[in-house]
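Listed below are the residues making up each chain.
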Amino acid sequence: MNPALLSIKDLKVYFELRQGLPLPWREPDVVKAIDGVTFDILEGEVLALVGESGCGKTTIGKTLLRLIEPKAGIIQYRDQDLAHLKGVSLRAMRQKMQLIFQDPYESLDSRQSVFDILAEPLVIHQRVTQKKDLQACVFEALESTGLHPAAEIAQRYPHHLSGGQRQRVAIAAAMILEPEFIVADEPVSMLDVSVRAGILQLMLALRHQKNLTYLFITHDLSLAWVIADRIMVLYLGKVIEIGPSDRLIHAGTHPYTQALVSVIPSPIPDRSREQIILKGETPSPVHVPEGCRFHPRCWKFQRLGSPKECLTQEPDLRQVAEGHLAACHFLD
Amino acid sequence: MSTLLDIQDLAINFKTRSGDVHAVDGVSFQLEAGKVLGIAGESGCGKTTTALSIPRLLPSNARLVRGHILFDGVDLMQFSEGEIEKIRWKQISMVFQGAMNALNPVKTIGAQIIEPIVWHEPAIARGDANQRVLELLERVGIPAARARSYPHEFSGGMRQRVMIAMALACRPKLIISDEPVTALDVMIQAQILNLLKDLQKQMNLAMIFISHDLSVIAESCDEIAIMYAGKLVERGSIRKVFSQPAHPYTQALIRSFPNIYGKQELIHGIPGYPPNLIHPPTGCRFHERCDRCIDICAQSEPVLREVGEGQIAACHRIGETLP
Amino acid sequence: MLRFGLVLKKAVQVIITLFAVITFNFLLFRVLPGDPIRLIARAGNLSPEAISRLRDLFGLDKPLVTQYFYYLRNLFTGEFGMSYTYRRPVIDILQERIANTVILLAAATVIVVLIGVAAGVIAAARRGSKTDQSLVVTSLVFWSLPTFWTGLILVILLGVYVKAFPVSGITTPGASFDSSFARLLDLGKHLVLPTITLAIVDMGQFMLITRSTLVDVLTEDYILTGKAKGLPFRRVLWGHAVPNALLPIITTTALYVSLVIGGAIQVETVFSWPGMGRLMYDAVLRRDYPILEASFLFLAATVILANFLSDIMYMVIDPRVKEA
Amino acid sequence: MNATAVPASRPPNLWVQVWEIPLGRAGIILLGIVLVLSLVGPVVFPFNPKDITSTAADILQPPSSMHWLGTDELGRDVFRETLVGARLSLLVGLLATAISITLGSIIGLLAGYYRGAVGITLMRVTDFFLVLPLLPLIIILAAIFGQSFSITIMVIGLTSWPSTARIVRSQVISLRERQFIERIRSLGATDLRVIAVHILPNVLPLIYANTVLVIAGSILSEATLAFLGLGDPVRVSWGTMLHFGFVAGAAGRGAWWYLLPPGLGIVLVVLGFTLAGHTLDQLLNPRLREF
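Residue numbers (our numbering), protein chains in the order written: chain A, 17 to 348; chain B, 13 to 335; chain C, 17 to 340; chain D, 2 to 292.
Hint data in this document are derived by calculation from the structure and do not stem from the laboratory.
C-beta: ideal position from N, C-alpha, C; glycine also.
Be a bit skeptical, because a hint or two may be false.
[Said to hold, decoys possible] Derived DEER-like restraints, expressed as beta-carbon distance ranges: (1) Gly94/C / Leu265/D: 41 to 51 Å; (2) Leu76/B / Pro259/C: 31 to 41 Å; (3) Ile29/D / Arg142/C: 20 to 30 Å; (4) Ser322/A / Glu318/B: 50 to 60 Å; (5) Leu265/D / Pro71/B: 37 to 47 Å.
[To be verified] A short, non-exhaustive set of chain A residues, derived as facing chain B with CB atoms under 8 Å: (6) Glu68; (7) Ser210; (8) Ser238; (9) Val242; (10) Ile243; (11) Ile265.
[Said to hold, decoys possible] These stretches of chain D come out as covered by chain A in the derived footprint (C-beta under 8 Å, 3 or more residues): (12) 181 to 188; (13) 194 to 204.
Sequences are here, hints too, so could you generate the full structure?
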C-alpha cells in the first residue's frame, strides 16, 4: 500500500447558528458539520467520499483545502500540519492542492476569457514572468485537457462553451500549477450523462500522467464504485465505513452502507432485488442522536430489538478486513 | 386496454432572438390507461417540451408547428383556453421537480392542495374537500396535522410528497411527472419512487415519467421512449429496450450509466456535444456523434421502424448484422 | 407565526437607530456650526431673560457631554426649545401642524398605493403589450417630474386658468360654515390639488416596482403549477402571484414614506398648506433652527418607525422569515 | 452546441445594447439634445444676468418676438436664462453624482466583501443614513452650512450615497458566495486581487446603471433645494429660476412662460437619464429581459 499523502486526525468543523438577540445567557445552536473524523488519503489513490446531502462531505473537502476553518484536529500533509498553516506558507501550499467544482457554469468568471482563466493561477504565484511562456503554458494546458485548437479556445468566453468544455477548462485551470492533490466536488453531476465519461476519463488519465491524488466527492455510490480505489461513507459528520470500493459495494458491513447500496437504481431492470428502504430522513446536525447516531433509522437496530449499546455508546471504527473498517456494534 | 393518450407527429418550435429552435420534431407515441411511460434523454432533447405540450402549458414563445394530441379520443390542440382549463388537473395533473419553487411559498400546503378540488368541483362541500385533503396527505405519508404548514417547513422529499398528494387531488386519469426525483438523495429517491409506484397501481393511473436518468426509468416504468435532439429515436417495453437496445444512441446512453450488478469498469460516453437545434444536423440528428455513421446517415432522415415486438427505432443501420 | 424574539430584536435595533438619530441631530446643530448660542438662542428676537432661561435649560455653558444629557432629558419631557419667529415653544407649533400633514399624506398615500399597485399588476399581466408599454412610459415620466414644479403647473392650469380648485391654504379665509359637512367639503376642495400633485409624482415608483416584482414572480415555477391546476390566468395572478409580490411592495412603502415626506415639504410650500412641510420651508427662510431641528428629528423618527412597521408586516405575511 | 461555429467575442457593449431598445434610445437622444443646447445655446444666445429693467412694462411679460419665452420678474429674457441655467443644473448633478457614486461604491464593496467588524460597521452606517429622510436632511445641511455652489454639490453628494452602497453591497455579498470567487481564493489570490480583478468588473455594470439614476436624482435634488431658497443666489440654475418665479408669484399671475421652460428642462434631462437607467436596469436583470 502507498504511504499516506494526507493524514486527518479527529477533524471537527462546527458552525454556530445565530438567531434572535445575541444574549449572553443564550447558547447559540451549533451545527456539528464534521464531528471528529480520522482517515488517510494515500498517495496516488482516488478516494471517494460518499453520503447524502448534509452529511458533511463538501465541508471535509473544503476544510482540507483550508477554505473552511477547522475547529479542532490535525490535517497532516506529508510532514506539515495544514490545519495551522498561515500567511505565506499557506499560500505556497495552495499551489499543491486544487479544487474542481460541481457547476462549471458557476465556477468560471464569465468576464474572463479562457486564456485569462488559465493564466491567472500562474500570475498569482508568479510562476511565469515572460508573456510568451505564459502563452505556451496556457496552450499546453488546454491541449492536455482535450480542448483543441488551443489558440482558438483560449480567446473564447465561458458562455461560448458547452458544459463539458467548461468543466475541461476548470480542470485545466486546476492542473496548471502542477498540484499533487485534487479535491473534486461532484465534478460530473451537473453534466449531461453522455459527456460525463469523457471528463472522468480525462481526470483518470491526468492522474497517471501527473501522479495525482484525488478526493472524489459524490452522492452517487455507483459512480464512486467505478472511479475510486477506496470509498468512505459519511453519515451526519462521521465516517461510518471505509474500504476498497468493490468490497464496500458488494461486501459492505454497516447497515447504512447496505441500505444505500440496495437502493441504487440500475440500468438493467430487475424488480426482484430486495431494497432496504430507510424510514424518515437524516436528522439535523444540530441535534445529533445519542449513542450510535444512525440508530433511529437503523433497520438492524429494530430487527435486533433495540439493543442498549446502540442507544448509549457511539461505535468506533473497527477493522472488518484488511483496509476495511466500519463503525457499528453489530457487524456481520 | 384502451388508448388514453395518442400523440401524433408533434412538432414544436421556440422563437428566440437567435432564431427558431426546433425543440420537438415529429414525435408520436401512445399511452394506455393504467400504464407508465418513461421519456428519457439528455437536457435539451425535448422531453419536457413534449410533456408540457399535453396540457398546453408551454411558454408564450412556443409554437405548435403540427401534430395532434388525442386524449380520450379528442384533440386537445383544438380546445379553447377555457376548455383546456377544465381538462387540466381534473384529467391531467403534474408532478414537477421537487425543488422549492413548484409550491407557492406563502400559502399553506393544505390550501394549495384544496385549491384545485374546490375549483374543479364547485359543488363539493367544504368539509368533504377538507376531508379529502387529509386523506391525500395520509396517503403520501404526511401527518394530517401538517396541512397548515408552509412549504419551507418541509424537506425536499416531503415537499415532493406534497406535490404528489396535490397531483392526486382531483383523481386524474393521467399524471405527468417531470424529473420527480431529481435532486433528491438516493434513499429519499427510493422512497418517492416506491410511493409513486404504489399509488399508480392502487389507483390504476396512467403516468408519463420524465427523467434524464435511465436507471430511474428502468426501475419504475412499463415502456420507454428515448429522445435525442427533438426526435424520438427508440420506443419499446422496458425489458426489450434495455436488453436489446436497437438505436446506437440508446446503446451508448445505457453504457453511460454505471451498473453495480455488472462489470466494474469506467462508464462509456458519447463523443462530442448535443447539436444546436436552431440549425439541426441534416439526415439523422445523431450522425455526428455516432460510431456507426455511414454516408446515408448525413443525407436522409431515418424513419421509425419496427425492430422487435412492440419495439421501434429510427436508424438506417437497423437490420444489418452487428459486427 | 410572529416570532417574539425577532420582533424584540427589531425593536432593539429601532431604539438604537433612534438614539443614533438623536445623537446625530445633537451633534449637527451643536458641534459643526460653531457657536451653539447663536443657533439655539439667536439673539435679537428673544429677551435676555428668555436667552438665559434657554441657556440653563440646554446647559449651554456646560461641557458637550453634559449638554447631551440635558438634551436627552429635554427630549423626553417634550422640551424642544423656543421658536425665534413664533416666540412659542417648538413642541406646541409642531402639534398644531402635524395633523394637517397627516391628512395630506394619508389622502395621497391611499391614491398612490391603490392606483400604483393596480397599474403595476395590469402592466405585468399584459407584459409587452401596448398597455404595458404606455404604463411604463407614463410611470417613468411621472417619476421624472419635480414635485414642486408639478404643483406650480397644476396651480396655473387648474387654479388660475380653469379656477376649478383653490390653490392655497387649508380653508377658505374668512368663510363661515353652516355645517360640519360644509367645512369638510371646503377642506376637501383644498386637498385636491396638493393630493393630485403628490400622487402623480410618487405613483410611478409604485407602479414600476409592482410591475418588475410581479414580472419576476410570474416566472416562478409555482405559477406554472397554478396554471397546470386549470386555474384561469386572473386567479393565478391574484391568488398566487400578487401575494408573493406584496412583500417587496411593503418594503417599498416604507421607503416611500421617506420620499413622500420630501414631497410634502414641496407641496405644502407651493400650496401654502399649513403643515410640517410649510413649517420647515418658513423655518429655512428665517433660519429658525429650533424648528428645523425638531422637525427633522420628528420626520426621521417617523421614517424609522415606518420601516419598523413594514418589517413587522413582512414577518406577518412571509412565513419564511427566520433570520432578520 | 458546436462551439467552433460561434465567433469569439465579449458580450456586446452595454451602451450599444441600450441604444437598441426604443426607450433607451429615446433617453440617449433626449440627453444629447439637452447637452448640445446647454453647451452651444449660451454661446449663440448670450445671457446677461445684470440686464435688469426697472420699468414695470418689461416685467413678467408674455412671449413676444423680442422675448421668445417672455421675461422674468426682473425683466430678463427667459429663453436665454433657461439655456444658461441648464449648465449649472447639469454640472451640479454630475459632480454630486461623482462624489456619491465613488463613496457608495467603495463603501458597498468593502461592506459586502468583509464580513467581520469592518463589514458590519459599514453596513450599520449605510443602513442608518438610508433611513434618514433625504430631503429634510439635505435642507438641514444646506441651512446650516450656507448657500453656495460647492456646498450644494457636497450636500447632495454626501447624502445620496447610501442607496448605491446598499445595491453594491448586496451584489458583492452574492458574488462572494459564488463558486468562481471561491475558486480564485482557493488558488491563493489576495483580497485585493479578488476585489479588483473579479468582484469590481462584475458589479461595474450595476454601478453604471445606478450612476445614471443617481444623476437624475441629484439634478432633482439641486432643483428642489434651489427652489426652496437654498441654492446659490448669485448663479442661475433651473431651480433658482423657479424659486424666484415662485416668490414673485408667477404662478398666481398665470406667468406660465416663466415657470414652464426651466421645469420642462429639468423634466427632459431627468427623463433622459431615467429612461437610460431604467433600460440598463432591465438589461442587467436577466429575469426581466424579454426573450
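Should the hint that Ile243/A touches chain B count as held when the rule is a Cβ pair under 8 Å?
7 Å, holds
CB of Leu265/D to CB of Pro71/B, is that within 37 to 47 Å?
42 Å, holds
Under 8 Å, Cβ to Cβ, is where Val242/A needs to be relative to chain B, so tell me if that hint holds or is violated.
5 Å, holds
Would you check chain A against the segment 194 to 204 of chain D, counting CB to CB pairs closer than 8 Å, and say if three or more residues qualify?
It holds: at least three residues are needed, and the segment 194 to 204 of chain D offers 5 whose Cβ sits within less than 8 Å of chain A.
Verify the interface restraint on Glu68/A: the C-beta must sit less than 8 Å from at least one C-beta of chain B.
4 Å, holds
Check the following: the C-beta atoms of Gly94/C and Leu265/D are separated by a distance inside 41 to 51 Å.
This hint holds: roughly 46 Å between Cβ atoms.
Should the interface hint for Ile265/A be scored as holding, given a Cβ-Cβ cut-off of 8 Å against chain B?
Constraint on Ile265/A satisfied, holds at 6 Å.
Per the CB criterion, is Ser238/A less than 8 Å away from chain B?
4 Å, holds
Kindly confirm whether 20 to 30 Å is satisfied by the beta carbon distance between Ile29/D and Arg142/C.
27 Å Cβ-Cβ, so the 20 to 30 Å window holds.
Confirm or reject the coverage of the segment 181 to 188 of chain D by chain A under the rule of 3 or more residues with a beta carbon closer than 8 Å to the chain's beta carbons.
Coverage by chain A holds for the segment 181 to 188 of chain D (7 residues, Cβ < 8 Å).
For the pair Leu76/B and Pro259/C, does the Cβ-Cβ distance stay inside 31 to 41 Å?
33 Å, holds
Given the hint of 50 to 60 Å, check if Ser322/A and Glu318/B actually sit that far apart at their C-beta atoms.
Holds, since Ser322/A and Glu318/B (Cβ atoms, about 58 Å apart) stay within the stated range.
In summary, the structure agrees with every hint in the numbered list given earlier.
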